[in-house]
Amino acid sequence: MITKDYKRRENKIEQMHQATLHPNEIFLQQLEADGKFDADVCFQCRKCTNGCPVTFAMDLYPDEVIRLVILGQREAVLKCRTIWVCAACETCTARCPNGVKIAELMDAIKERTLLERVPVPQPQILTLHRTFLKNVRKWGRAFEGTLLPAYLLRSGQFLHKWRERLWGWDIKFGWRLLYRGRFFHFPKKIRGKKEIRNILIHHKK
Amino acid sequence: MKIFELAYYPGCSLQGTAKDYAESIIGICESLDIQLTEVPDWNCCGATAAHSIDRRASLDLVGRIFRQAAQMPQSEMLVPCPMCFNRLKTAILAQPFDQKTEDQYRIPMEKGFPKIWDTANFFATQQMMETISNKVQQPLKGLKVVCYYGCMANRPSEISDETDFENPQSLDRIVMNLGATPIAWPFKTDCCGATQVLSRPDIVSHLVGNLYDMARRVGAQAVVVSCQMCHANLDIYQEKIEADWGRRFNLPIYYFSELIGLASNVSGVEKWLSSHLTDPFPLLRELGLWNPT
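These protein sequences, in sequence, are chains R and Z.
One point on numbering: in my numbering, the residue at position 51 of the first sequence is 51, and numbering is uninterrupted.
One point on numbering: in my numbering, the residue at position 117 of the second sequence is 322, and numbering is uninterrupted.
Rather than coming from a laboratory, the hints here were simulated on the basis of the structure.
There may be inaccurate statements among the hints.
With a cut-off of at most 25 Å between alpha-carbon atoms, the simulated SDA-like pairs for lysine to any residue come out as follows [said to hold, decoys possible]:
no.	chain 1	residue 1	chain 2	residue 2
1	R	Lys194	Z	Met277
2	Z	Lys445	R	Asp38
3	R	Lys189	Z	Lys349
4	Z	Lys305	R	Gly145
5	Z	Lys346	Z	Glu335
6	Z	Lys349	Z	Glu363
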């Protein structure tokens, strides 16, 4: 169903060739400072990649991300699609023979991407995370009744579907959910919502 | 007499789209004499969004949940949502060593941490299994299912404390205890894509389609789950995924708690099952397990 992006793969191999010439440990140290991931003990057995369920949608494989992190290829890592496509299923972390916390490392790279304001290749995934946290910030709990519409609007899916006249399925789907009683509940603000606002202070948008 | 008293942290989605799961857990706990007390004024654990883009917030949010739970006398906590289960246990491991967590959200250590129970593991303990088998009035004879555990309740093993994280057995044991036949299959803990269903539906369609395909190939009539995200992706989106694959799978998806309720004739089963989008009743009728009074 999904064909691999061979062009991206060629670019990647080229980058790896350059990387062997200028290894640089600073990037690895920066990431390891955010939490202990033990990325430097990776011996490239590729168990993570072989077990990963979403490699078909990735441009770099998980083992390649780790290798590039070790080599200090900051740009290639921060710009890759892999970190966003990762479903955080933790198969890689669970299976790694050296105890590298691969899924957690992917999270740390995502955070660094945002910190350094690198453009995100999968904006809709970031939009979903942001919309979710904004929603939690507002109610103290996630409330799906406003989360889903807000996400559809912000990600541009609503507009896209409206223009392409693709909303027929969604309306039917929404109606079925309503009919089955899955949306009939009211948001409940919690008493400690000030604390939640304090915790999620950076997620106003 | 209540045999168990547990603190209960339902999580956000059990108040919304996964109401059926929440109601079935409360229903069977009542019938099994388990007293659940909700954590007072609990908040969201942050889920995938927080741990993806704001690690500090994900630890602080869970810290607040533990602060709230520390007011309770119960020393054990039941967490039906595997995502919350994973986040809570991750924070227990990570927070004491985390420099950035704000002091007011540190997990209170004086009383020690509550023991966090995943629902499937809780109901698969020896004591609960015996209690359940005493309550079974209508064994689920002839029902052939595959048990689908998903990711977060199992992995990584140092967080979940699961010994068989590649081949978990808790749901299989529960289902067998009810008289149904669990079929061994290789995709027990493969990922369904979870929240990617909104941002990358194509990925979820691929992953879940593979699950349906394998479930049908091993001869299962239905899938049993213990996770509301797995249930959403497998049940709610089934018609769409069938359209993507150009195949009809027609697999009803049951929560294990609904099956316990069905086998022990707990009232409310009809209400829980009727909120599924993939009709769960034809299979039960076919096997003679559905006789509404």
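Okay, the hints, checked on the actual structure:
no.	hint	result
1	R:Lys194 - Z:Met277	22 Å, holds
2	Z:Lys445 - R:Asp38	41 Å, violated
3	R:Lys189 - Z:Lys349	43 Å, violated
4	Z:Lys305 - R:Gly145	33 Å, violated
5	Z:Lys346 - Z:Glu335	19 Å, holds
6	Z:Lys349 - Z:Glu363	32 Å, violated
In this structure, the earlier hints numbered 2, 3, 4 and 6 are contradicted, and the remaining ones agree with it.
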